[in-house]
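**Q** Keeping their order, the protein sequence lines are chains A and B. Taking this note's numbering, the leading residue of the first sequence gets 1, the next gets one more, and so forth. Taking this note's numbering, the leading residue of the second sequence gets 1001, the next gets one more, and so forth.
The set of hints was computed from the structure by calculation and includes no laboratory data. Be careful, since some hints might not be right.
[As the list claims (entries may be wrong)] Calculated cross-link-like contacts (lysine-lysine; reagent style DSSO-like; alpha-carbon spacing at most 30 Å):
(1) A:70 with B:1099
(2) B:1042 with A:70
(3) B:1042 with A:57
(4) B:1078 with B:1058
(5) B:1099 with A:55
(6) B:1111 with B:1058
(7) A:3 with B:1058
(8) A:13 with B:1042
(9) B:1042 with A:3
(10) B:1057 with A:3
(11) B:1099 with A:71
(12) A:13 with A:3
(13) B:1107 with A:3
(14) A:57 with B:1107
(15) B:1042 with A:55
(16) A:13 with B:1107
(17) B:1099 with A:53
(18) B:1042 with A:18
(19) A:53 with B:1042
(20) B:1099 with A:57
(21) B:1059 with B:1107
(22) A:3 with B:1059
(23) B:1107 with B:1078
(24) B:1107 with B:1069
(25) B:1099 with A:18
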Amino acid sequence: DVKVTQSSRYLVKRTGEKVFLECVQDMDHENMFWYRQDPGLGLRLIYFSYDVKMKEKGDIPEGYSVSREKKERFSLILESASTNQTSMYLCASSPGDGLLAKNIQYFGAGTRLSVL
Amino acid sequence: ILNVEQSPQSLHVQEGDSTNFTCSFPSSNFYALHWYRWETAKSPEALFVMTLNGDEKKKGRISATLNTKEGYSYLYIKGSQPEDSATYLCAFIADNFNKFYFGSGTKLNVKP
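Same shape as in the complex, but just chain A (with noise of 0.2 Å):
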């Protein structure tokens, strides 16, 4: 079974702070995704990135950063953390074999970051 785990549930952190959400993947996909859910809104992506070191910003890149220096770990970044960033966090993977978003995607169990 395709595993993609995601480092922390629950995460509280102040305004300001630097945050790293890290998640992790079994199964060699080339495909990672980072999205965000919010209440009445769809799952929008953050950034994606089809293979180590690379990365393209999704719908809504503003205040998150990304990093993969390893094909099964993708990590995102809040730079400054701020209330509005307060939500569900997931992340997915998905296999590298031609049109990225053909395959289907294996997220994982989501963070729900509140900034206060």
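Got chain A sorted already, so can you dock chain B onto it with the hints?
**A** Showing chain B alone in chain A's frame:
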């Protein structure tokens, strides 16, 4: 950003009821539609991948249909059970945009 809409937002049914909900998406540039089930405190899991107009997929009591010309997909659950309680998400993939566009989901609650 493409608009993908799911309705209703939430649904409460009794155990044994059959139910259905809708995912609406742009009818042009269709590549694929995915359905996911997201149970509370768990990871979203893929249910179906649908690629052709007229596709029908089935997994146990859950089935889905696809109409790409009019831009909608239906998800049906026959004889709902409490374990079907979850949020059901659809994701639209356009052939000219290399990413997923998720709807906001339909939250289903099945009462015993």
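**Q** Confirm or reject each hint.
**A** Hints versus structure:
{"no.": "1", "hint": "A:70 with B:1099", "verdict": "holds, 22 Å"}
{"no.": "2", "hint": "B:1042 with A:70", "verdict": "holds, 25 Å"}
{"no.": "3", "hint": "B:1042 with A:57", "verdict": "holds, 26 Å"}
{"no.": "4", "hint": "B:1078 with B:1058", "verdict": "holds, 11 Å"}
{"no.": "5", "hint": "B:1099 with A:55", "verdict": "holds, 14 Å"}
{"no.": "6", "hint": "B:1111 with B:1058", "verdict": "holds, 23 Å"}
{"no.": "7", "hint": "A:3 with B:1058", "verdict": "holds, 25 Å"}
{"no.": "8", "hint": "A:13 with B:1042", "verdict": "holds, 23 Å"}
{"no.": "9", "hint": "B:1042 with A:3", "verdict": "holds, 12 Å"}
{"no.": "10", "hint": "B:1057 with A:3", "verdict": "holds, 25 Å"}
{"no.": "11", "hint": "B:1099 with A:71", "verdict": "holds, 20 Å"}
{"no.": "12", "hint": "A:13 with A:3", "verdict": "holds, 27 Å"}
{"no.": "13", "hint": "B:1107 with A:3", "verdict": "holds, 25 Å"}
{"no.": "14", "hint": "A:57 with B:1107", "verdict": "holds, 29 Å"}
{"no.": "15", "hint": "B:1042 with A:55", "verdict": "holds, 27 Å"}
{"no.": "16", "hint": "A:13 with B:1107", "verdict": "holds, 29 Å"}
{"no.": "17", "hint": "B:1099 with A:53", "verdict": "holds, 19 Å"}
{"no.": "18", "hint": "B:1042 with A:18", "verdict": "holds, 27 Å"}
{"no.": "19", "hint": "A:53 with B:1042", "verdict": "holds, 29 Å"}
{"no.": "20", "hint": "B:1099 with A:57", "verdict": "holds, 11 Å"}
{"no.": "21", "hint": "B:1059 with B:1107", "verdict": "holds, 19 Å"}
{"no.": "22", "hint": "A:3 with B:1059", "verdict": "holds, 22 Å"}
{"no.": "23", "hint": "B:1107 with B:1078", "verdict": "holds, 16 Å"}
{"no.": "24", "hint": "B:1107 with B:1069", "verdict": "holds, 26 Å"}
{"no.": "25", "hint": "B:1099 with A:18", "verdict": "holds, 28 Å"}
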